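K.L.:
Work out the full structure, taking the sequences as your base and the hints as a guide.
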Amino acid sequence: MPVQVLKERNSSKVTSITLGATKEQGGTRTGTITVGGEASLPFLHFEGEMPNKPVIAMEVVDRVPEEWNEELKAAFEGVMDSPAAWAKKSVEEFGADMIFLKLQSADPELGNSSPEKCIETVKSVLAAVGVPLAVVGCGIDEVDNKVIAAVAEACAGENLLLGFATQENYNTIVAACMVHKHTVIAQSPLDINICKQLNILISEMGLPLDKIIIDPSIGGLGYGIEYAYSIGERGRIGTLQGDKMLALPTLGTIGFEAWKAKEANVGIDEFPGWGEQAERGILWEAVTASALLQSGLDILVMRHPEAVKLVRKNIGDLMVPNSL
Amino acid sequence: MEIIGERINGMFKDIKQAIIEKDKTAVQEWAVKQTENGATWLDVNTGASAEDQMAAMKWLITTIQEVVDTPLALDSTNYDIIEEGLKLCKRPALINSCHADRYKIERVFPMAVKYNAKVIGLAMSEESGIPKNAENRVALAMELVAAADEFGLPFEDLYIDPLILPINVAQDHAVEAMETLRQVKLLSDPAPKTVVGLSNVSQRCANRKLINRTMLAMLMACGLDAAIADANDDELMEAAATARVIMNKEIYCDSYVDLFKSKKY
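Chains as they are written, first to last, in our numbering: chain A, 108 to 431; chain B, 54 to 318.
Pulled a few chain A residues facing chain B out of the computed Cβ check, cut under 8 Å:
hint	residue
1	Ile299
2	Asn300
3	Lys303
4	Gln304
5	Ile307
6	Asp350
7	Met352
8	Leu353
None of these hints come from the bench; they were simulated from the model.
These numbers were taken from a predicted model, which means no experiment stands behind them.
Just so it is clear, CB atoms sit at the ideal spot from N, CA and C, and this is done for glycine as well.
P.N.:
The following block contains the structure:
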């Protein structure tokens with residue numbers, strides 16, 4: 108029976124944004140990464156082009172994250188005390204497209220690292236790997252405003268992806284991105300209205316829209332993932348209908364959310380029916396990632412190398428043009 | 054929502070004076086002011102009193118395009134004047150307007166296709182005048198839609214005007230116009246666009262602005278895409294922005310009014 112394939116006519120697409128800068132562009136990266144540009148809902152290649160594949164940024168923390176699951180720590184054994192070595196292993200051994208460096212030690216209770224120390228860490232990671240870098244602070248506004256601003260200045264021209272700008276705290280980081288030519292992560296709390304408003308506030312300061320990556324916030328599998336999905340979908344539909352203030356690539360902190368789940372962490376002794384924890388944790392992260400790929404995420408921030416491997420294969424399969 | 058700024062019209066004293074004296078000031082001021090407040094199009098009408106209407110139209114177009122790049126809606130009953138105007142327009146223009154009479158369609162639609170222009174098609178003809186009910190307006194709209202298909206004018210480039218009359222003298226017409234809008238959207242796929250000359254609804258009424266913006270919101274709910282209106286009536290623009298949010302055409306954010314004015318729909 109002949110079937111007519113109904114195709115949506117979309118009037119707009121996601122803005123393409125390039126991260127990192129090579130020597131010629133004023134930075135030191137060996138290559139840049141471009142994300143965004145989608146002209147359809149995710150992976151509907153027959154409706155609109157999807158010129159750039161989603162990328163995986165592997166998370167590196169500037170202190171040994173003792174609280175991480177043993178399985179996770181085992182994957183990075185021997186390099187966790189050196190962000191540079193950790194990043195190098197993530198790129199060379201595990202194939203990370205980007206590094207997502209969390210300057211958690213700036214937190215007064217987790218090391219109280221000075222901005223100078225943080226700059227040193229960022230520089231060491233930049234020296235160790237050639238891929239573009241995202242750098243975020245410890246999550247305390249007053250601290251991050253000093254640390255991220257200092258990093259932005261010290262790494263001027265690198266086109267780092269700096270975070271997080273929020274509705275309550277965006278001036279300093281946005282100004283730093285403007286002056287020192289970086290891209291900002293605009294983070295909103297699973298709220299499409301605040302997401303849009305924050306993009307307006309940031310662009311009103313004068314940062315061009317092609318310098319903003321959205322972090323709409325996500326929930327891990329079992330912890331609000333469907334809500335995160337619907338926010339992503341709503342944003343993409345708005346984008347395709349011409350909403351320029353939402354037409355920006357998105358980032359999701361997959362590893363952080365997935366590994367928070369009880370289901371990723373408890374041992375088989377506690378729940379015999381759940382199977383081995385090691386495999387389960389990896390799958391929890393991989394499934395969270397692959398589900399949210401379908402909501403339109405462009406940058407997946409991940410932790411476990413095995414989960415990364417699974418998701419990379421999934422992305423490869425999804426990027427094959429469908430014949431419809 | 055496309056707002057076609059109505060202010061550059063020889064019916065207004067300052068524009069009339071500007072045309073007579075070839076003084077660009079008022080024209081350019083209104084071009085900028087309307088654009089800054091969110092006008093998607095600028096209507097250009099020489100008014101009936103200009104001595105040489107062809108020359109006045111050309112002068113207005115050139116004068117406006119010196120200061121803004123907002124596309125223009127050329128408003129004249131003389132199609133030779135519109136054609137000369139189309140040649141000067143830097144961006145695809147809107148022809149305002151064409152009745153549903155065959156001889157007018159044959160003059161206007163091929164011209165629109167040739168200059169890549171859009172057309173306001175009135176749901177009235179010389180013979181019928183403005184029909185009393187929605188049914189007859191829709192029938193005339195259908196003739197315009199069929200003509201668009203015949204002459205190769207994309208349906209989305211045809212703006213059907215259901216015609217609205219002053220509420221104080223023709224109160225029964227407004228509901229017919231609303232019903233016409235609903236039905237016009239079913240005439241083709243993609244549907245034609247829709248437009249009204251909004252300020253007409255409140256001619257010689259008190260509370261003009263209140264009537265205008267209430268009418269606009271109600272018409273938008275029936276499928277209105279564009280209105281020839283006062284783009285500098287802030288409350289009107291705010292009502293249009295709000296109606297879009299309520300109709301779920303625009304995702305809400307706190308700055309939605311500013312966004313509506315800064316962005317063109």
